[in-house]
Amino acid sequence: MPETQGPAGILVIAQADAPVAHGTPPRDGVEFEVPSTEAHGGGFPPFDVHTFPSQIIWLAIAFGALYLLMSRIALPRIANILEERHDRVADDLEEAGKLKAESEAAAQAYEHALATARGKAHGIATETRDKLSAESDASRKSLEAELAAKLAAAEEQIATTKTAAMANVRGIAVDAAGAIVGELIGSAPVPQAVEAAVDDAIKS
Amino acid sequence: MASESVIDPIHQFHILKIVDLGEPGGVQLAFTNSAAFMFGIVALIFFFLTFATRGRTLVPGRLQSMAEMSYEFVASMVRSTAGNEGMKFFPLVFSLFMFVLVANFIGMIPYGFTVTSHLIVTAMLALVVILTVIIYGFMRHGTHFLGLFVPSGVPAFLLPFMVVIEVISFLSRPISLSLRLFANMLAGHIAMKVFAGFIVMMSASGFLGLLGGTLPLAMVIALTALEFLVAALQAYVFAVLTCIYLNDALHPGH
Numbered sequence: 072m073p074e075t076q077g078p079a080g081i082l083v084i085a086q087a088d089a090p091v092a093h094g095t096p097p098r099d100g101v102e103f104e105v106p107s108t109e110a111h112g113g114g115f116p117p118f119d120v121h122t123f124p125s126q127i128i129w130l131a132i133a134f135g136a137l138y139l140l141m142s143r144i145a146l147p148r149i150a151n152i153l154e155e156r157h158d159r160v161a162d163d164l165e166e167a168g169k170l171k172a173e174s175e176a177a178a179q180a181y182e183h184a185l186a187t188a189r190g191k192a193h194g195i196a197t198e199t200r201d202k203l204s205a206e207s208d209a210s211r212k213s214l215e216a217e218l219a220a221k222l223a224a225a226e227e228q229i230a231t232t233k234t235a236a237m238a239n240v241r242g243i244a245v246d247a248a249g250a251i252v253g254e255l256i257g258s259a260p261v262p263q264a265v266e267a268a269v270d271d272a273i274k275s
Numbered sequence: 646m647a648s649e650s651v652i653d654p655i656h657q658f659h660i661l662k663i664v665d666l667g668e669p670g671g672v673q674l675a676f677t678n679s680a681a682f683m684f685g686i687v688a689l690i691f692f693f694l695t696f697a698t699r700g701r702t703l704v705p706g707r708l709q710s711m712a713e714m715s716y717e718f719v720a721s722m723v724r725s726t727a728g729n730e731g732m733k734f735f736p737l738v739f740s741l742f743m744f745v746l747v748a749n750f751i752g753m754i755p756y757g758f759t760v761t762s763h764l765i766v767t768a769m770l771a772l773v774v775i776l777t778v779i780i781y782g783f784m785r786h787g788t789h790f791l792g793l794f795v796p797s798g799v800p801a802f803l804l805p806f807m808v809v810i811e812v813i814s815f816l817s818r819p820i821s822l823s824l825r826l827f828a829n830m831l832a833g834h835i836a837m838k839v840f841a842g843f844i845v846m847m848s849a850s851g852f853l854g855l856l857g858g859t860l861p862l863a864m865v866i867a868l869t870a871l872e873f874l875v876a877a878l879q880a881y882v883f884a885v886l887t888c889i890y891l892n893d894a895l896h897p898g899h
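Going line by line, the protein sequences match chains A and B. Per our numbering, the first sequence runs over residues 72 to 275. Per our numbering, the second sequence runs over residues 646 to 899.
Keep in mind the hints are simulated off the structure, nothing from the lab. Quick reminder that beta carbons are idealized off the backbone N, C-alpha and C, glycines included. Hints should not be assumed to be uniformly reliable.
Now the stretches of chain A that chain B is said to cover, found in silico as 3 or more residues with beta-carbon under 8 Å [to be verified]:
1) 151-159
2) 165-174
3) 242-248
Here's a subset of chain A near chain B, in silico, CB distances under 7 Å, partners left out [what the hints assert, rightly or not]:
4) Pro-124
5) Ile-127
6) Leu-146
7) Arg-189
8) His-193
9) Ala-230
10) Thr-231
11) Thr-234
Partial pick of chain B residues on the chain A-facing surface, computed with a CB cut under 10 Å [what the hints assert, rightly or not]:
12) Leu-694
13) Phe-735
14) Met-743
15) His-789
16) Leu-791
17) Phe-794
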C-alpha cells in the first residue's frame with residue numbers, strides 16, 4: 072500500500088536506536104529525516120512493549136469471540152448445509168438406483184416376453200411346416216401310388232399287346248413260310264410241319 | 646512524526662490509541678487501531694460466513710461456494726494431517742486460519758493496519774496453539790505425552806542428546822511459528838513502502854527522475870502480487886503447522 076502523504080516527498084527511516092537528527096539539509100528536494108524515537112511512544116512499533124498488554128487483551132477478546140462464533144454458529148451452519156446436500160445427493164442416488172433396478176426389471180420382463188413370443192412363433196412355424204410337409208407327403212404318396220398303378224396297367228397292356236403281337240408274328244411267319252414253301256415246291260406243305268419249323272426258328 | 650508530509654515505512658505499524666483506558670495496575674490499556682482491526686476481522690469473517698450461507702441453498706451460489714470451500718479446505722487439511730480425531734480441533738484451526746488470512750489481506754488494503762505484523766499478536770496465536778497441544782496432550786495421554794521427546798529406536802548412549810534436541814525443537818515451535826508470520830508480514834510491507842517511497846523521491850527530481858521512477862513502480866506492482874501470495878501462503882503455513890503440532894498431541898508416539 073503506497074503511502075504517499077503530501078507532495079514534498081520526504082523519506083523518513085525510523086530506527087529505534089538511531090540518533091535524533093532533525094533538520095538534515097534537503098538534498099535534491101528530498102529530505103531524509105529520522106524521526107525522534109519518542110514520536111509514538113518509543114521505538115520500532117512491533118517491539119514496543121507498552122502496547123503489548125492492550126494488544127493481548129483485545130486479541131484474547133477478539134479471537135475468543137471469533138472462536139465462539141465459528142464453533143457455535145458459523146461452522147455448524149456450513150456443516151449442516153454440506154450434510155444436507157450430502158444426504159440429498161445420497162437420497163437422489165438411492166432413488167436413481169431404485170429406478171434403475173425397476174427399469175432393468177422392466178427390460179428383463181420385455182426380454183422374457185420377447186423370448187416367449189419368439190418361442191411361440193417358432194412352435195407355430197414348426198407345426199405349420201410339419202403339417203404342410205405331412206400333407207404334401209400324403210399327396211405325393213397318393214400320386215406316386217396312382218402313377219405306379221397306371222404304370223403297372225400300362226406295362227400289363229404292353230405285355231398283352233406284345234404277347235398278341237408275338238402271336239400274330241408267329242401266325243404271319245407260319246403263313247409266310249407256308250406260302251414261300253408252296254411257291255418253291257408248288258404244293259402247300261403240311262401246316263403242322265411249317266408251324267414246327269417256325270417255332271424252332273423263333274426259339275433259336 | 647516530524648510532519649505529515651513524510652514517507653515513513655514504519656508508520657504503518659504504529660499503534661494508535663483510539664480510546665485511552667488509562668493505566669490500571671501500571672499497564673497502559675487502550676482501545677487501539679490494532680484492536681479495531683481485530684474486531685473488524687472477526688466481524689468480517691463472521692458476517693461473510695453467515696451472509697454467504699443465508700440461503701442455505703442446495704446448489705451454492707458464488708459466496709456460499711466460497712464459504713463452503715474455506716470450510717472444506719481447512720477440514721481436509723485437518724483430516725489429512727491430524728486424522729479424523731483431529732476434527733475436534735477443527736474450529737480452532739479454522740478460526741486461526743481465517744483470522745490470519747483475513748488479517749493478512751486486510752493489511753494489503755492501503756491505509757490498512759496489519760494485525761499480524763505485530764510480534765505479540767502472532768506470538769499469542771502461537772501460544773494458543775502450543776498450549777492447546779500441551780494441555781490436551783497431558784489430559785489425553787498423561788505422562789505418555791512425554792514420549793514425544795523420546796524417539797524410539799535410538800541407541801541408549803545417544804538418548805539423552807536426542808531428548809535434549811527434541812525438547813529444544815518442541816520449544817522452538819511456537820517461536821518459529823510466530824516469527825515466521827510476523828517477519829513475513831513486516832518485511833513485505835516495509836519493502837513495499839520503501840519502493841513506493843523511491844517513486845515519490847525520484848519523481849520529485851525532474852523529468853529523468855520521473856522516468857526512472859517507473860522502475861520502483863514496477864517493483865511495487867511485483868511486490869504487491871508477491872505479498873498477496875505471501876498473505877495466503879503464510880495463513881496456510883500457520884494452519885498446517887498447527888495441524889501437525891496438534892497431531893503430536895493426539896499421537897505422541899514416534
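**Asked** What hints, given by number in increasing order, does this structure fail?
**Response** 2, 3, 7, 8, 9, 10, 11, 15, 16, 17
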